[in-house]
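> Take a look at the letters that make up each chain.
There are 2 protein chains.
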Amino acid sequence: MSYRLYYWPSIPGRGEFVRLALEDAGAEYMDIGRLSGGSNTVAEMLNRGEHFAPPVLEDDYESVSQVAQILYWIAIPLQLAPDGKHELRRMHQLQLTLADFVNEIHDTHHPLGPSVYYEDQTEVAKQRTSAFIAKRLPKFLRYFEHSVECNPAGDYWLVGERCTTLDLSMFQVLSGLDYALPNAMARQTIPQLRDLAKRVTQRRRLGAYLASDRRLAFNQNGIFRHYPELDVEA
Amino acid sequence: MSYRLYYWPSIPGRGEFVRLALEDAGAEYMDIGRLSGGSNTVAEMLNRGEHFAPPVLEDDYESVSQVAQILYWIAIPLQLAPDGKHELRRMHQLQLTLADFVNEIHDTHHPLGPSVYYEDQTEVAKQRTSAFIAKRLPKFLRYFEHSVECNPAGDYWLVGERCTTLDLSMFQVLSGLDYALPNAMARQTIPQLRDLAKRVTQRRRLGAYLASDRRLAFNQNGIFRHYPELDVEA
Numbered sequence: 135m136s137y138r139l140y141y142w143p144s145i146p147g148r149g150e151f152v153r154l155a156l157e158d159a160g161a162e163y164m165d166i167g168r169l170s171g172g173s174n175t176v177a178e179m180l181n182r183g184e185h186f187a188p189p190v191l192e193d194d195y196e197s198v199s200q201v202a203q204i205l206y207w208i209a210i211p212l213q214l215a216p217d218g219k220h221e222l223r224r225m226h227q228l229q230l231t232l233a234d235f236v237n238e239i240h241d242t243h244h245p246l247g248p249s250v251y252y253e254d255q256t257e258v259a260k261q262r263t264s265a266f267i268a269k270r271l272p273k274f275l276r277y278f279e280h281s282v283e284c285n286p287a288g289d290y291w292l293v294g295e296r297c298t299t300l301d302l303s304m305f306q307v308l309s310g311l312d313y314a315l316p317n318a319m320a321r322q323t324i325p326q327l328r329d330l331a332k333r334v335t336q337r338r339r340l341g342a343y344l345a346s347d348r349r350l351a352f353n354q355n356g357i358f359r360h361y362p363e364l365d366v367e368a
Numbered sequence: 135m136s137y138r139l140y141y142w143p144s145i146p147g148r149g150e151f152v153r154l155a156l157e158d159a160g161a162e163y164m165d166i167g168r169l170s171g172g173s174n175t176v177a178e179m180l181n182r183g184e185h186f187a188p189p190v191l192e193d194d195y196e197s198v199s200q201v202a203q204i205l206y207w208i209a210i211p212l213q214l215a216p217d218g219k220h221e222l223r224r225m226h227q228l229q230l231t232l233a234d235f236v237n238e239i240h241d242t243h244h245p246l247g248p249s250v251y252y253e254d255q256t257e258v259a260k261q262r263t264s265a266f267i268a269k270r271l272p273k274f275l276r277y278f279e280h281s282v283e284c285n286p287a288g289d290y291w292l293v294g295e296r297c298t299t300l301d302l303s304m305f306q307v308l309s310g311l312d313y314a315l316p317n318a319m320a321r322q323t324i325p326q327l328r329d330l331a332k333r334v335t336q337r338r339r340l341g342a343y344l345a346s347d348r349r350l351a352f353n354q355n356g357i358f359r360h361y362p363e364l365d366v367e368a
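Protein chains in written order, with my numbering: chain A, 135 to 368; chain B, 135 to 368.
Keep in mind that the hints were calculated from the coordinates and are not lab data.
There could be a bad hint or two in this list.
Dumping the calculated SDA-like pairs for lysine to any residue here, alpha-carbon to alpha-carbon at most 25 Å [to be verified]: (1) A:Lys269 - B:Arg337; (2) B:Lys273 - A:Tyr252; (3) A:Lys260 - B:Pro248; (4) A:Lys273 - B:Lys273; (5) B:Lys219 - A:Ala187; (6) A:Lys269 - B:Asp312; (7) B:Lys273 - A:Arg328; (8) B:Lys269 - A:Ala177; (9) A:Lys269 - B:Lys273; (10) A:Lys269 - B:Asp234; (11) A:Lys219 - B:Lys260; (12) A:Lys269 - B:Trp207; (13) B:Lys273 - A:Lys219; (14) A:Lys269 - B:Glu196; (15) A:Lys260 - A:Asn355; (16) B:Lys260 - B:Glu196; (17) A:Lys273 - B:Lys269; (18) B:Lys269 - A:Lys269; (19) A:Lys273 - B:Asp289; (20) A:Lys269 - B:Pro248; (21) B:Lys269 - A:Asn317; (22) A:Lys273 - A:Leu212; (23) B:Lys269 - A:Arg328; (24) A:Lys219 - B:Lys269; (25) A:Lys273 - B:Ser144.
From chain B, some residues computed to sit far from chain A (all C-beta separations above 10 Å) [what the hints assert, rightly or not]: (26) Leu169; (27) Val198; (28) Ser199; (29) His220; (30) Leu230; (31) Thr231; (32) Ala265; (33) Leu308; (34) Thr323; (35) Ala331.
All residues carry an ideal CB built from backbone N, CA and C; glycine is no exception.
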C-alpha cells in the first residue's frame with residue numbers, strides 16, 4: 135500500500151507525527167507538500183472542504199485527517215499497534231491526551247489564538263507560558279511517565295510490549311519541548327520517558343530517518359518554538 | 135449493558151456529550167458524580183492515574199476516557215453510528231474536529247490557560263474572543279454546515295442517513311454557543327445546522343431528557359460561559 139501525505143512543507147508540525155510512523159515502518163509514501171508546488175496542492179485539497187486542517191493521509195480507498203485518527207488507522211497495517219482491542223483503545227486514548235498536550239504547548243506562544251502573530255502577543259504569551267510551566271507541563275509529563283511505569287506489559291513502552299505509533303509521537307513531543315523550553319525541561323524528572331525516547335532513536339529505520347535531510351528541523355513557525363523569553367532561568 | 139459515567143456534578147461540560155448519547159439511546163447508566171459524595175468518587179478515580187481527565191465511561195470490562203473515543207466506542211452498541219467503516223471514520227474525524235472547536239471555545243474565556251481564574255484574565259479574554267468571533271467561529275461553523283450539505287446520504291445529518299453521536303454533540307455545541315455568545319451566533323448563516331439541531335430536540339427520548347431535571351443548565355463554570363463583555367453588539 136502506498137500513501138499520500140498532505141501537509142505544509144516548511145514545518146515539522148503535526149505532519150511529523152504521521153511521518154515518524156511511516157518512516158519507522160518503511161512505508162511507501164509521497165510527501166505531497168514537499169513536491170514542487172506542494173503548498174498549492176495542499177491548499178487545493180483543503181479547499182474541497184472534506185477536511186478542516188492538515189495533515190491528511192490518503193491511500194487508494196480513503197482520505198483521513200486528525201493526527202490521532204490517522205495513527206489509529208495505520209497502526210495495525212504498519213505493525214505499530216499493540217495486541218488486543220483494549221490496548222488499542224488505550225493507545226488511542228493516550229494519543230488523544232497527547233493531542234491535548236500539543237494544543238496547550240502551541241497555545242503557550244499563541245494565547246490569543248492562531249490568527250494573531252506571536253510578536254503581537256508576546257507579553258500575554260509570557261503569562262500563559264509561566265502558568266503552563268508551573269502547572270500543566272509537569273502534570274502532563276507525570277501522567278505519561280506514570281503510564282510507562284504502570285504498563286502491565288512492562289515499562290518499555292506506553293502501551294503493550296512493543297513500540298507503537300504513540301511512542302513515536304511521545305518522542306516527538308519530548309524533542310519539541312526540549313527545543314522550545316530547554317530550561318523548564320531540564321527540571322522535569324521523567325526517567326522512563328527519557329529511556330523511551332532513547333529507544334525510539336535507536337530503531338533502525340527511524341534512526342536513519344532522523345539523520346537524513348527528510349527530517350525537518352524545529353523552527354519558529356511550528357508548534358514547538360524556541361523563544362528564550364518564554365522559558366524559565368537555567 | 136449498564137454504564138458508569140464519571141464526571142463533575144455541577145457543570146454540563148464535556149460529560150454532557152456522553153450523557154446525550156446515553157439518554158438518546160435509553161441506555162442504563164449511573165451518573166457517579168451526581169450521587170452523594172460523587173465529586174470525591176470522581177477525584178479518587180482520577181487519582182489512580184489511568185485517565186488524565188474526565189469524562190470517563192466504564193462498562194463491566196473497560197474504562198474509557200476522551201469524549202471522542204468514548205462516543206466512538208459506544209456509538210455502535212447504542213445504534214447511533216452510521217453504516218460502513220469509512221462513514222464511521224468520517225464520524226470520528228468530525229467529532230475530533232468538534233473537540234478542537236470546543237477547546238477553542240473554552241480558550242475564549244481562558245486564554246491564559248485553565249489554571250488562572252477568568253476574573254484575572256478578562257482583558258486578554260476580550261482580545262482572544264474578538265479574534266475567535268472574527269475568524270475561527272465562522273470557519274468552524276462553515277465547515278460543519280458544508281459537511282451536512284455534502285453528506286452523500288442526504289442533508290439531514292453530518293454523516294450517513296441517520297442521527298449519530300456526532301449530531302447530538304453538534305446540537306450541544308450550538309446550544310452552548312447560543313448561550314455563551316448569542317449576538318455573535320445571531321450573525322451566522324447556518325440553516326443546515328439549525329435544522330439538524332431542531333431534529334435532535336424532536337427525538338423522543340432526547341426531547342424528554344432535555345425537558346427533565348437531569349439536564350444540567352449551562353452556567354459560569356463550564357466550557358460555555360456567558361460573559362456579555364466578550365460578545366459583540368446585538
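> If you draw a straight line from the CA of B:Lys269 to the CA of A:Asn317, is it 25 Å or shorter?
violated, 34 Å
> Are the Cα atoms of A:Lys219 and B:Lys269 separated by 25 Å or less?
Not OK: A:Lys219 and B:Lys269 at ~40 Å, beyond 25 Å, violated.
> Given the proposed pairing of B:Lys269 with A:Ala177, does the C-alpha separation stay at or below 25 Å?
holds, 18 Å
> Taking C-beta pairs only, is B:Ala265 more than 10 Å away from all of chain A?
B:Ala265 not clear of chain A: closest Cβ-Cβ about 5 Å, inside 10 Å.
> Does the claim that B:Ser199 lies outside the interface with chain A hold up, using a Cβ gap greater than 10 Å?
violated, 6 Å
> When you check the alpha-carbon spacing of A:Lys273 and A:Leu212, does it fall within 25 Å?
violated, 31 Å
> Taking the minimum C-beta separation from B:Val198 to chain A, is that value above 10 Å?
Contrary to the label, B:Val198 does not stay out of reach of chain A, its closest Cβ about 6 Å off (not over 10 Å).
> Against chain A, does B:Ala331 keep a CB gap of more than 10 Å to every residue?
holds, 20 Å
> Check the non-interface label on B:Thr323: least C-beta distance to chain A beyond 10 Å or not.
Nearest chain A Cβ is 16 Å from B:Thr323, so the label holds.
> Report holds if the minimum CB distance from B:Thr231 to chain A is greater than 10 Å, and violated otherwise.
Non-interface label fails for B:Thr231: nearest chain A Cβ at 5 Å, not farther than 10 Å.
> Holds or violated: A:Lys269 and B:Arg337, Cα atoms, limit 25 Å.
violated, 42 Å
> Does B:Asp234 lie within 25 Å of A:Lys269 when you go C-alpha to C-alpha?
The given pair, whose Cα atoms are some 21 Å apart, holds under the 25 Å limit.
Hint check: violations occur at hints 1, 4, 6, 7, 9, 11, 12, 13, 14, 16, 17, 18, 19, 21, 22, 23, 24, 27, 28, 29, 30, 31, 32; the rest are consistent with the structure.
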